[in-house]
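Q: Listed below are the residues making up each chain.
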Amino acid sequence: MNNAASIVAVVLVSVASLAVGAFGLRLSRTMSDFYVASRGVSPVLNASAISGEYLSAASFLGVAGLILARGVDMLWLPIGWTAGYLLLLVFVAAPLRRSGAYTLPDFAQLRLESVVARRASSLLVVAIGLLYLIPQFQGAGLTLRTLTGAPSWVGQLSVAVVVCLNVLPGGMRSVTLVQAFHYWLKLLALLTPLFLLLGAVGDRSDDPAVGTVFVTDWVEPLQGDHALYLTYSLVLATFFGTMGLPHVVVRFYTNPDGRAARRTTLAVLVLLSGFYLLPVVYGVIGRYVASDLVAAGRADSVVLELPSRLFDGPVAEGLTAVLAAGAFAAFLSTSTGLVVSVAGVVSQDLVRWGAGHRQGIRTFRLTTVAVVAGALLLTVVSAGVPVAHAVELTFAVAASTFCPMLLLGIWWRGLTSRGAISGLVVGGALSMGAVVTTTFGIATAGWFGVVLTQPAAVSVPLAFATMVLVSLATRSSTPEHVAQTMVRLHAPEHIDLNRGSFHPERWYRRPPTAEAGSDATQHPTRPSTGETVRRPGTTARRS
Amino acid sequence: MTPEAPRARVRVTSPRTSAARTRNVSIASEIDEQTRLGEVYITSLMRSQLRLALGVLLVLASTLGLLPLLFTAVPGLAGIHLLGVPLPWILLTVVAFAEIIGLGAFYVRRSERNEATFSDLLDGR
Chain A
2 MNNAASIVAV
12 VLVSVASLAV
22 GAFGLRLSRT
32 MSDFYVASRG
42 VSPVLNASAI
52 SGEYLSAASF
62 LGVAGLILAR
72 GVDMLWLPIG
82 WTAGYLLLLV
92 FVAAPLRRSG
102 AYTLPDFAQL
112 RLESVVARRA
122 SSLLVVAIGL
132 LYLIPQFQGA
142 GLTLRTLTGA
152 PSWVGQLSVA
162 VVVCLNVLPG
172 GMRSVTLVQA
182 FHYWLKLLAL
192 LTPLFLLLGA
202 VGDRSDDPAV
212 GTVFVTDWVE
222 PLQGDHALYL
232 TYSLVLATFF
242 GTMGLPHVVV
252 RFYTNPDGRA
262 ARRTTLAVLV
272 LLSGFYLLPV
282 VYGVIGRYVA
292 SDLVAAGRAD
302 SVVLELPSRL
312 FDGPVAEGLT
322 AVLAAGAFAA
332 FLSTSTGLVV
342 SVAGVVSQDL
352 VRWGAGHRQG
362 IRTFRLTTVA
372 VVAGALLLTV
382 VSAGVPVAHA
392 VELTFAVAAS
402 TFCPMLLLGI
412 WWRGLTSRGA
422 ISGLVVGGAL
432 SMGAVVTTTF
442 GIATAGWFGV
452 VLTQPAAVSV
462 PLAFATMVLV
472 SLATRSSTPE
482 HVAQTMVRLH
492 APEHIDLNRG
502 SFHPERWYRR
512 PPTAEAGSDA
522 TQHPTRPSTG
532 ETVRRPGTTA
542 RRS
Chain B
16 MTPEAPRARV
26 RVTSPRTSAA
36 RTRNVSIASE
46 IDEQTRLGEV
56 YITSLMRSQL
66 RLALGVLLVL
76 ASTLGLLPLL
86 FTAVPGLAGI
96 HLLGVPLPWI
106 LLTVVAFAEI
116 IGLGAFYVRR
126 SERNEATFSD
136 LLDGR
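Protein chains in written order, with my numbering: chain A, 2 to 544; chain B, 16 to 140.
A hint or two may mislead.
What the simulated footprint calls covered on chain B by chain A, stretch by stretch (three residues with Cβ under 8 Å from a Cβ of chain A suffice, anywhere in the stretch; the number is not a length) [stated by the list, open to error]:
(1) 22-28
(2) 59-71
(3) 86-96
(4) 121-132
Have a look at the derived ranges for each label pair, beta carbon to beta carbon [stated by the list, open to error]:
(5) B:Ser44 with A:Val370: 46 to 52 Å
(6) A:Ser43 with B:Arg124: 43 to 49 Å
(7) A:Ser478 with B:Val109: 48 to 54 Å
Example chain B residues on the side facing chain A (calculated, C-beta under 8 Å, incomplete) [stated by the list, open to error]:
(8) Glu45
(9) Val55
(10) Ile116
These are computed hints drawn from the structure, not numbers from a lab.
All residues carry an ideal CB built from backbone N, CA and C; glycine is no exception.
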């Protein structure tokens, strides 16, 4: 398929993204602008940005493909990806925003007061981020190849370049606008062709093929082997994994306060629900008119191929171009979000060349390029490996590592740094082990193999149990300021209380003097003003 | 009747040294100083929010979460059609999303009420 209109559409999306990003650039000046857009983003804009970032190619193309191929059981994916935000809303959203941290490692250090816990979280953020980024790049390569016949590296490289151009000048602020724009672009790109497609299918409903494609194991739930375990494991991974994804969590720091964070998340639930109905319809239409794609192993491209199945000539080309624009926006927005969050963590934790404001921004820019280049390299290296399943497994990894750390850290005073670290190690090792074995096709028969394909139902409870048991065993080393941290996490912002003086941009500095440090615990300091002194317990040198 | 001479004002005061002094310590400073009482207030806020969150999770688990078991236990459900669409497809799309949004809206309202109660408590209202 050599579609000139699609090429034009992809180029237009890239140019429009850069233009919107350049507009946001005018508003971005300080370092916290770079990481979190200075927290001044309104709920609706922020909700659009969160949804835009979250709806990756797996949602735009993958859901329809899976429903076409495997039917009703795959409806749990869009439900899980939305319900994940409901659990994020009820357990995490407001406290996470109130913590004042930029990234998950910031949260780990604030709550656990341990630099080791911080480093462990940083490594996990990088691992999860890359695991999610590689499928995005690979998908972009495949999509562009399907549409234009260009080699895979063209799509991969163009996504990488546009992401860099967007992130480098403006950081998070320009990215926020770009991602909000991408949500509405993706929604319209799926919605507009749908009416025409439905009309065309309606004309053909007396097709003789219809009866034969709606077979029992497609229409009726839980027909496959081990279907009940697989479904529940998928539900667990997606419901609890969303709150642990680094690019999702970093978005919550851009809300003005905890209350706004909740309202934003509620808006996200509405936006996601509205969106996820659409790929389901595409999958069902695909079952009518394009069920041969399953046998050909190209179910993932059903969204892009539907127009040419139902229309001819310019109409088909135009509709395909619209859908291609949406798909490309999906690759761009998710990759951008992942790159920003991984680069933020790497520049804050793993490299630190200068502590000043300008050096901070320069480090962020350099690490952005390094992260994109690294991901691109890994994409090329893993070219032959089927990584589409990796996105699903990423949720399992997040659900078995950051999810227990966040839930227990926010709601249980007893979590200690050793407990959290052991939980991260156990959950991370189990779920990552499953990712590696599944990705490299080390097939295992029987129940063990089934558990490896969907590890969450085993790894999530084990990670929770490890964190709780080790914390109970090391009860004597509960973080010194846990009571103050709980006030910070749970008390509404408008109440004047001492919340400690943790600030993510200054965690690595020693307190000016020991006396100033002890002052911080006695005089109430508001988080917005009293950040010149640090509380002594969270010094970077302490471990 | 002669007008009474204006009486001298007598100020009645009492040092009330034996009475208990009124506590002039606000709940906010109890919390700041991490006293037992301050701890109780924060814990009560956390408990009310956690109970609400667990309630939402419980509702979600006992409706959406039980669907796979229900489909296994009652295979006949897949044969029921509403407006030509099989029941599982309706339950797993429109109904599920409506429930998720509804629970989210309920949670936002109730959690803001919990926080309002807490800050009223601190203001002494």
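Q: Next, verify each hint and record whether it holds.
A: Taking the hints in turn, this is what the structure says about them:
1. Using a Cβ-Cβ cut-off of 8 Å, 0 residues of the segment 22-28 of chain B lie near chain A, which falls short of the minimum of three, so the contact claim is violated.
2. Proximity of the segment 59-71 of chain B to chain A, defined as three or more residues with a beta carbon under 8 Å from a beta carbon of that chain, is established by the 7 residues found.
3. Counting residues of the segment 86-96 of chain B whose CB lies closer than 8 Å to any CB of chain A gives 4, so the stated coverage by that chain holds, three being the minimum.
4. A stretch counts as covered by a chain when three or more of its residues have a beta carbon under 8 Å from one of that chain; for the segment 121-132 of chain B and chain A the count is 5, and the coverage holds.
5. A hinted range of 46 to 52 Å for the beta carbons of B:Ser44 and A:Val370 is consistent with their spacing of about 50 Å.
6. Under the hint 43 to 49 Å, the C-beta atoms of A:Ser43 and B:Arg124, about 20 Å apart, miss the expected range.
7. For the pair A:Ser478 and B:Val109, the beta carbons lie near 50 Å from each other, so the given range of 48 to 54 Å is met.
8. For B:Glu45, the interface hint is violated, since its Cβ never comes within 8 Å of a Cβ in chain A; the closest pair sits about 10 Å apart.
9. Interface hint at B:Val55: violated, since its Cβ lies 12 Å from the closest Cβ of chain A, which is beyond the 8 Å cut-off.
10. Contact between B:Ile116 and chain A, as hinted, is supported at the beta carbon level, the nearest pair being about 5 Å apart and thus within 8 Å.
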